[in-house]
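J.: Each chain is listed here by its residues.
Protein chains: 2
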Amino acid sequence: MRVLITGACGFAGRYLVRELTAAGHKPYGFGLEPPPNPEFCPVIQGDILDAAAVAAAIRKIKPDAVVHLAALTTPAEGAMRAALMISVNIQGTANVLESIRREAPSARLLAVSSARVYGSRTPDVPIQEDDPLTPDSLYAVTKEAADRLTLQYARELKMSFMTARPHNHTGPGQAESLSVGSFASQFRRMAAGVSPAVLKVGNLDSARDFLDVRDVVRAYRLLLECGRPGQAYNIASGRQVSIRMLIDALCRLSGIHPTVEVDPDRYRPADFSAPLDTTRLTTDTGWTTGFTLEDTLREMLVG
Amino acid sequence: MRVLITGACGFAGRYLVRELTAAGHKPYGFGLEPPPNPEFCPVIQGDILDAAAVAAAIRKIKPDAVVHLAALTTPAEGAMRAALMISVNIQGTANVLESIRREAPSARLLAVSSARVYGSRTPDVPIQEDDPLTPDSLYAVTKEAADRLTLQYARELKMSFMTARPHNHTGPGQAESLSVGSFASQFRRMAAGVSPAVLKVGNLDSARDFLDVRDVVRAYRLLLECGRPGQAYNIASGRQVSIRMLIDALCRLSGIHPTVEVDPDRYRPADFSAPLDTTRLTTDTGWTTGFTLEDTLREMLVG
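As they're listed, the protein sequences go chains Y and D. Residue 254 in the numbering used here is what sits at position 254 of the first sequence, and the numbering runs on without skipping anything. Position in the second sequence counted from 1, then plus 303, gives you the numbering used here.
Hints are computed from structural coordinates only; laboratory data are not their basis. Nothing here was measured: the structure is a model prediction, and the numbers come from that model. Ideal Cβ positions, reconstructed from N, Cα and C, are used throughout, including at glycine. Do not rely on the hints blindly, as some may be mistaken.
[Stated by the list, open to error] Derived list of chain D stretches under chain Y, where covered just means 3 residues or more per stretch with a C-beta under 8 Å from a C-beta of chain Y: (1) 384-391; (2) 450-457; (3) 498-507.
[Said to hold, decoys possible] Taking beta-carbon pairs under 10 Å as the criterion, some of the chain D residues facing chain Y (in silico): (4) ALA397; (5) ASP439; (6) SER440.
Extracted from the complex, chain Y is given alone in its bound form (with noise of 0.2 Å):
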């Protein structure tokens, strides 16, 4: 398949590339960024923002599928950039999916969406797909618009169109600004010897859904193949690891035991991720984690 992929040339858009690829499938990139590589997939640069940029780029291409990443994603800044992340997030995906919609009607689309349109509920039961979308902060709000903005093509305009909902992911390349990022990277330091052995954190009991980014475009390549139009799919892997146990995984694979020191600036209340009723994602893909935390972790050490 030809797939056109918006953010191609961010953190999980690189991965995207070559899950692709290595699948004979044709990527291709539309984003603000230039190609990070020379063998990378070719990119045509262009603004979200920019409705005319966005259809050009799909009448250029004729995807056979789209794969909509491209987001402002960290919800900790959002605040500050409101009205951009607003723009980016809702006008972007409505920019894809009209475009979509006249240049290539018959293209697959998967909209990259969030668990957190879930808000931050944690009940017992894991929350299956169907289930309210209660959003609690403004990133939320504004994937859970575009989540229910692609939905609702599928539906009222019979487009085939799909979203996916994951955790938060990571892996090796991740930036700093997020939490196991920053770990690693401080083992990284104290590993090279520039930096003392003291590890800054926040809640030690705040626990996340923890994915690798390579499952993550593993299942939206496996979408792409043989989801279903008109559906939303949630993206986890079920298990839930504390920063504690994050740490003490670092501490065990890198041999380095630091001393442990909350930052009262990175503490908050501890959270929990949503626990997400997959069953639908293995049942229509075959989808499973191939990563476990130790490998990814210890890749992450690496750098």
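Take the given structure of chain Y and dock chain D to it, following the hints.
T.: Relative to the frame of chain Y, chain D by itself:
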């Protein structure tokens, strides 16, 4: 209060200008159209999609409160102009939220949403504002997104923002494309002898919560005066009036008894307005409906 109204020249906007003036407030309009008559309040002409124009209007007027009415509200046309509806209803609202945050951060905002954010559910117990939102059309999805963005600005950024979720409303001057307006106009033409006594209808069993536009704008004014920031407010009469009852009332009031013909182009499966709990609105503002069905229809038969 100095009150800036987006969409002031629309159907509800014109009634709101009158309501606010009568209550001693000072309304100003912002919108694409010029004032409908010389006695109308001052209007700044501009496009809600032009963020700089919205910000400039707020900077100029320095409002104590804003009522955001500007929206594309005709669901039937939604699929035809999906892209514009999404932009106006969501990005247009985002422009209002952000402009107030920057230019008049202490101003109160009432962003007018829609009862359609609850979808076409008709549960036995009336729906409360904090129940799940389940929009089931592209129009409803755009209104839900705007509603959630508004409330999230209140919660996350501490703005004095509220939303109103009214059912469809009607009254003298309503566009003929909406069913009550269309029936009243057909009766007026029959009374004038320019049409034969034949009434074209859709499904007679469909029923709507019947709200007079003047009751609705009174609710808006009361919410500006004493609504609580961060809250959504249902607005409904609690009366479900079937198309059959509506036509019976129009026959009785006009003395005309036309042949009723079901028009296949207008026929849809019977649908009903979601039953809404309005306890929050009545408790916080003392609002009740003032117009009976017959009051409204009698005036609509005059034109």
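J.: Hints first: check each against the structure and report whether it holds.
T.: Hint check:
{"no.": "1", "hint": "384-391", "result": "holds (count 4)"}
{"no.": "2", "hint": "450-457", "result": "holds (count 4)"}
{"no.": "3", "hint": "498-507", "result": "violated (count 0)"}
{"no.": "4", "hint": "ALA397", "result": "4 Å, holds"}
{"no.": "5", "hint": "ASP439", "result": "8 Å, holds"}
{"no.": "6", "hint": "SER440", "result": "7 Å, holds"}
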